[in-house]
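Visitor: In case you want the letters, here they are:
There are 2 protein chains.
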Amino acid sequence: MTEIKDQSIQTFLDELGSKSATPGGGSAAALMGAQGAALVSMVCRLTIGKPKFVEVETEMQEVLDKAEALRSQLTDLIKSDIDVFARLMSKYALPKESDEEKALRSDAIQEVLKDATDVPLQCAYACLKTIELGKIAAEKGNPGVVSDAGAAVMAAYGGLKSSALNVYINAGSLKDKVYAEAKLAELEQATKDIDKVVDGIYQTVKARL
Amino acid sequence: MTEIKDQSIQTFLDELGSKSATPGGGSAAALMGAQGAALVSMVCRLTIGKPKFVEVETEMQEVLDKAEALRSQLTDLIKSDIDVFARLMSKYALPKESDEEKALRSDAIQEVLKDATDVPLQCAYACLKTIELGKIAAEKGNPGVVSDAGAAVMAAYGGLKSSALNVYINAGSLKDKVYAEAKLAELEQATKDIDKVVDGIYQTVKARL
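Chains A and B are the protein sequences, given in the same order.
To convert, note that position 132 of the first sequence is 259 in this note's numbering; the numbers rise steadily by one, no gaps.
To convert, note that position 31 of the second sequence is 158 in this note's numbering; the numbers rise steadily by one, no gaps.
Bear in mind the hints are in silico, worked out from the structure with no lab data behind them.
Please note that a few of the clues may not be correct.
A pair holds if it fits inside one copy or across any two, identical chains being indistinguishable in the list.
Claimed, not checked - Okay, derived cross-link-like pairs now, PhoX-like style, lysine-lysine, Cα gap no bigger than 20 Å in a straight line: (1) K304 <-> K267; (2) K146 <-> K179; (3) K302 <-> K241; (4) K319 <-> K333; (5) K333 <-> K304; (6) K267 <-> K146; (7) K146 <-> K193; (8) K256 <-> K267; (9) K223 <-> K323; (10) K146 <-> K177; (11) K333 <-> K310; (12) K256 <-> K304; (13) K218 <-> K302; (14) K177 <-> K304; (15) K179 <-> K267; (16) K218 <-> K206.
Bound conformation, chain A alone (with noise of 0.2 Å):
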């Protein structure tokens, strides 16, 4: 079978709007990341070797270095996201007759759903780092290419929002609640003045153009 980034755009799309469960939401989170490390990476390709920017160029290159190493893990992320659904879905499907077939199921379905609340949670730490590579993008990159910088945050803020939505399901569903809580609390605190963040980068765009 074609992994999924070897498919085609347009057969991506067709799966994603179909009756079928996956890729969904968590895919396309991923995919909207990759979207914004690769803008990010495209506004520092197109700002290093320039006279003019000589003075941020060992920032800009350090800041594409992260943004391919996020591009990669985000675009591995659209299919990890497949992955421990049909994990998941599998474990759903096991005997549930006697009591120890019970038991068994819901001790294979919990721990499955910890690795389904880790992926989009990877997805969203992978977006956030994202968003404060395109912020330095937006600020200090060639302001010819600003606006690309501004959909890079943008792309990643919709991936982050998207992969959110996805652990809080998840999370949601886990017995060990203090697991679940942790998880939870550690996203909030990192995520806390996100959209106004945004909203001050997207400002910075716009006064930029």
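Since chain A is already given, all that's left is putting chain B on it; use the hints.
Guide: Just chain B now, with coordinates in the frame of chain A:
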């Protein structure tokens, strides 16, 4: 040459992140919008035909039809952004030696700049309509996939805000200020409450998870 929608996701992301100016934020915006529309369709398809949701079936079918039309339009806009940019660059490359050449070149640039304003404007309006459909899907669709409706709205919102930046740039270069101001005023009017609307939908989704 392979049409962009028939390229693989990996190739699209590689080109988005490359030094080449296209695909850039405009194409990414259209792809975000198309992902949003696809996710609206998915929610509709997983609502329609289930006895539990029979009361909203007619409305969900209408939403599905509109979402599929928007998905098709937004998928086409991924390419339109690249095409109009190429046309614009070809006009900038026209000779500018004599006064006559300068005048012809300027007129040619201005003519394409209207299209370069119109393409992201179409994208912005299609994303706006996708947000409206996503709101219905989030409020009335199958709650089992409400997070996908939330992701749909966040994707379309990212597309809207990103394409708006491209409208601002290109409208700003238009010499026909009356035309430019009219287009900008229309967009501002259509999107004036969108940040609050989207935040409201997001809270609705979180509450239905």
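Visitor: Now tell me if each hint is right for this structure.
Guide: Results for each hint:
1. K304 <-> K267: neither (43 Å within a copy, 30 Å between copies)
2. K146 <-> K179: between (51 Å within a copy, 17 Å between copies)
3. K302 <-> K241: within (10 Å within a copy, 57 Å between copies)
4. K319 <-> K333: For K319 and K333, only the inter-copy Cα distance (15 Å) is at most 20 Å; the intra-copy one is 24 Å.
5. K333 <-> K304: between (43 Å within a copy, 19 Å between copies)
6. K267 <-> K146: Answer is between; shortest inter-copy Cα gap is 17 Å, intra-copy 44 Å.
7. K146 <-> K193: between (36 Å within a copy, 16 Å between copies)
8. K256 <-> K267: Intra 17 Å, inter 34 Å, cutoff 20 Å: intra-copy only.
9. K223 <-> K323: Answer is neither; intra-copy 47 Å and inter-copy 46 Å both fail.
10. K146 <-> K177: between (49 Å within a copy, 12 Å between copies)
11. K333 <-> K310: So K333 and K310 pass the 20 Å test across copies only (17 Å; inside, 35 Å).
12. K256 <-> K304: neither (27 Å within a copy, 39 Å between copies)
13. K218 <-> K302: Cα proximity of K218 and K302: one copy only (15 Å, versus 63 Å across).
14. K177 <-> K304: Neither. Shortest intra-copy (53 Å) and inter-copy (33 Å) distances fail the 20 Å Cα cut-off.
15. K179 <-> K267: Within. Shortest intra-copy distance 12 Å satisfies the 20 Å Cα cut-off; inter-copy 53 Å does not.
16. K218 <-> K206: Cα proximity of K218 and K206: one copy only (19 Å, versus 42 Å across).
The structure is inconsistent with the numbered hints 1, 9, 12, 14, although it conforms to all the rest.
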